[in-house]
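For reference, the chains in residue letters:
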Amino acid sequence: MRRWLWLLGLAGAAWAAEPAVTVVVREAALKRNPQFYASTVATVRLGERLSSSGAQGAWLQVSGAGGSGWIHKSAVTQRRTRVSASDSEVTQTSAEEITLAGKGFNQQVEGSYKRKRPGSNFAAVNALERSAVPEEDVLRFVAEGGLGGER
Amino acid sequence: MRRLAAALLAVTLSGCKTFDAAVEQAAGKAVDKGWITRGQASSIKKSATALRKGAADISDSEEYYIGRAVSAELLSRYKPARDPELNRYVRTLGQAVAMVSDRPATYSGYRFQVLDSDEPNAFAAPGGFILVTRGLIRLARSEDELAAALAHEIAHVSLKHGLQTIKTARLTTAFGILAKEASKGTAAEDLADLTEAFEGAIEDVVKHLVVNGYSREKEYEADSLGAEYLRRAGYDPAALGRLLGRVSGGGGLLKTHPSSSARAERLANATTPEDYRPSKVRDRRFAKALKAG
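As given, the protein sequences belong to chains A and B, one line each in that order.
Using the numbering used here, the first residue of the first sequence is number 1, and each one after it goes up by one.
Using the numbering used here, the first residue of the second sequence is number 1, and each one after it goes up by one.
Take the hints with a grain of salt, since some may be wrong.
Claimed, not checked - Below are the BS3-like pairs computed for lysine-lysine, each with C-alpha atoms no more than 27 Å apart in a straight line:
| hint | chain 1 | residue 1 | chain 2 | residue 2 |
| --- | --- | --- | --- | --- |
| 1 | A | Lys31 | B | Lys167 |
| 2 | B | Lys160 | A | Lys114 |
| 3 | A | Lys116 | B | Lys167 |
| 4 | A | Lys73 | B | Lys288 |
What the hints assert, rightly or not - Stretches of chain B that chain A covers, calculated by requiring three or more beta carbons in the stretch to come under 8 Å of a beta carbon on chain A:
| hint | segment |
| --- | --- |
| 5 | 71-79 |
| 6 | 82-95 |
| 7 | 132-145 |
| 8 | 217-230 |
Unchecked claim - Per label pair, the in silico range of CB-to-CB distance:
| hint | chain 1 | residue 1 | chain 2 | residue 2 | range |
| --- | --- | --- | --- | --- | --- |
| 9 | A | Gln108 | B | Arg141 | 28 to 36 Å |
| 10 | A | Pro118 | B | Arg284 | 39 to 47 Å |
| 11 | B | Ser215 | A | Glu136 | 34 to 42 Å |
| 12 | A | Gly146 | B | Pro84 | 20 to 28 Å |
| 13 | A | Ser51 | B | Ser215 | 36 to 44 Å |
| 14 | B | Lys291 | A | Pro118 | 20 to 28 Å |
| 15 | B | Arg88 | A | Gly57 | 44 to 52 Å |
| 16 | B | Glu85 | A | Glu129 | 32 to 40 Å |
| 17 | B | Arg141 | A | Ser68 | 42 to 50 Å |
| 18 | B | Arg77 | A | Ala132 | 38 to 46 Å |
| 19 | B | Asp193 | A | Glu129 | 26 to 34 Å |
| 20 | B | Lys33 | A | Pro118 | 48 to 56 Å |
These are calculated hints, taken from the structure and not from any lab test.
Just so you know, even glycine gets a beta-carbon here, dropped at the ideal spot from N, CA and C.
Generate coordinates for the entire structure from the input sequences, incorporating the hints supplied.
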């Protein structure tokens, strides 16, 4: 029985073998065209897997649960790495895995650091993080200023 | 073992491009000299790879937490400017440039803050937290020139220059902990070690941002990449050279080796493109935003 399950799993994996990428930033835009100032058609989140069907310069054409579009290569990883458990082999943890697992220097470490450095102004950083400008405002700023264009 | 470490250090300092290459060379030399066997050399290479960690191996999420803590430190030394209109303008402009960079999306995105200081200065913390003083903003004579200052800082983030100032020792501690087959959560002892390594990392970055500055190479890199970002966005790539050429003295962005005039000279071939379009809209909104500042 187990052998059949194993073969089934393998077949399933083969069937879903389209090149896949994983989002490694909190939020990334899927753009209508492979251009910096193209409008966003969907937003994808950390850990989402997208299937990739093409590339142009620094952009990948992808699709996922939320839709299809072009994503900047820097927002995803194509690596499929595993952490090895044996003693004799080198254990290699990729940076992407650290992000996806929320390990390393993370929120817990920040909490511990804050207790050691009470003079640090994290309140100002939190306020700064809330100060994002909506993308539509940025694109309007670009258009009104005669910026952008095909480059 | 100490001789091997010395050999390794000598090789690394001699300019090997990668840590792996340095270890391989050092191990090879040690075998030639008969200090260690081939078997030992091979296991050194393996454990060195496990320990190896440079800026390239810092994850996007870690970069973000490092950037937060660096910014928290800077914002305890410099007051954020209370000027909603100026901040809004700088933030929108900054996003417009960040969107055309080689890293338009960092883990949590770019953020820009004006600082209430007359000293011309700008700081790019890892992850995209960019702080710029009123003093620096006032040096710009146009939106293009302000965009140029921001483009330079964005380039530092894109190139991970801040992360590269972190001493490897901070990272090997962290990596050593990560390489353990850890389950959920982090043991108290590991957390204490990680926190200490984190503290050290923050200290390294802040010291470079506030005191030492970046190396000549890093500044030149950020200048030429910044000029490229200006071109992509539709700004005049020559604007950065103009800004630098006008300055003498000043701090931060401007307090570097090499001097501003040397940097301006190097940017001389970033000329205004033929299809460059000036804009009255940009001139007006720049003047309006700076009036309050």
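Outcome of the hint check:
Taking the CA atoms of Lys31 of chain A and Lys167 of chain B, the gap is near 38 Å; set against the 27 Å cutoff, the hint is violated. Between the alpha carbons of Lys160 of chain B and Lys114 of chain A the distance comes to roughly 24 Å, so the proposed pair stays at or under 27 Å and holds. This hinted pair checks out: Lys116 of chain A and Lys167 of chain B have alpha carbons roughly 20 Å apart, not beyond 27 Å. Among the hinted pairs, Lys73 of chain A with Lys288 of chain B is inconsistent with the structure: their alpha-carbon atoms are about 37 Å apart, more than 27 Å.
For the segment 71-79 of chain B, the assignment as covered by chain A holds, since 5 residues bring a beta-carbon within under 8 Å of that chain's beta-carbons and 3 suffice. With 6 residues carrying a beta carbon less than 8 Å from a beta carbon of chain A, the segment 82-95 of chain B meets the three-residue requirement, and the given coverage holds. For the segment 132-145 of chain B, the stated coverage by chain A is violated: 1 residues have a C-beta nearer than 8 Å to a C-beta of that chain, whereas at least 3 were required. Restraint check on the segment 217-230 of chain B versus chain A: 0 residues with Cβ-Cβ distances below 8 Å, three needed, restraint violated.
For the pair Gln108 of chain A and Arg141 of chain B, the beta carbons lie near 47 Å from each other, so the given range of 28 to 36 Å is not met. A C-beta distance of roughly 45 Å is found between Pro118 of chain A and Arg284 of chain B, which places it inside the suggested range of 39 to 47 Å. The supplied range of 34 to 42 Å is met by Ser215 of chain B and Glu136 of chain A, whose beta-carbon atoms lie about 39 Å from each other. Checked against the hint of 20 to 28 Å, the pair Gly146 of chain A and Pro84 of chain B passes, with Cβ atoms roughly 25 Å apart.
One distance hint, 36 to 44 Å for the beta-carbon pair Ser51 of chain A and Ser215 of chain B, holds here, with the actual separation near 42 Å. For the pair Lys291 of chain B and Pro118 of chain A, the beta carbons lie near 38 Å from each other, so the given range of 20 to 28 Å is not met. Checked against the given bound of 44 to 52 Å, the beta carbons of Arg88 of chain B and Gly57 of chain A, roughly 31 Å apart, lie outside it. Look at Glu85 of chain B against Glu129 of chain A: about 20 Å separates their beta carbons, and that is not inside 32 to 40 Å.
Under the hint 42 to 50 Å, the C-beta atoms of Arg141 of chain B and Ser68 of chain A, about 44 Å apart, fit the expected range. At roughly 24 Å, the beta-carbon separation of Arg77 of chain B and Ala132 of chain A lies outside the given 38 to 46 Å, and the hint is violated. Hint check: Asp193 of chain B to Glu129 of chain A, Cβ distance near 27 Å, so the stated range 26 to 34 Å holds. For Lys33 of chain B and Pro118 of chain A, the Cβ-Cβ distance of about 52 Å falls inside the hinted range of 48 to 56 Å, so the restraint holds.
Violation of the numbered hints given earlier is confined to hints 1, 4, 7, 8, 9, 14, 15, 16 and 18; the remaining hints are satisfied by the structure.
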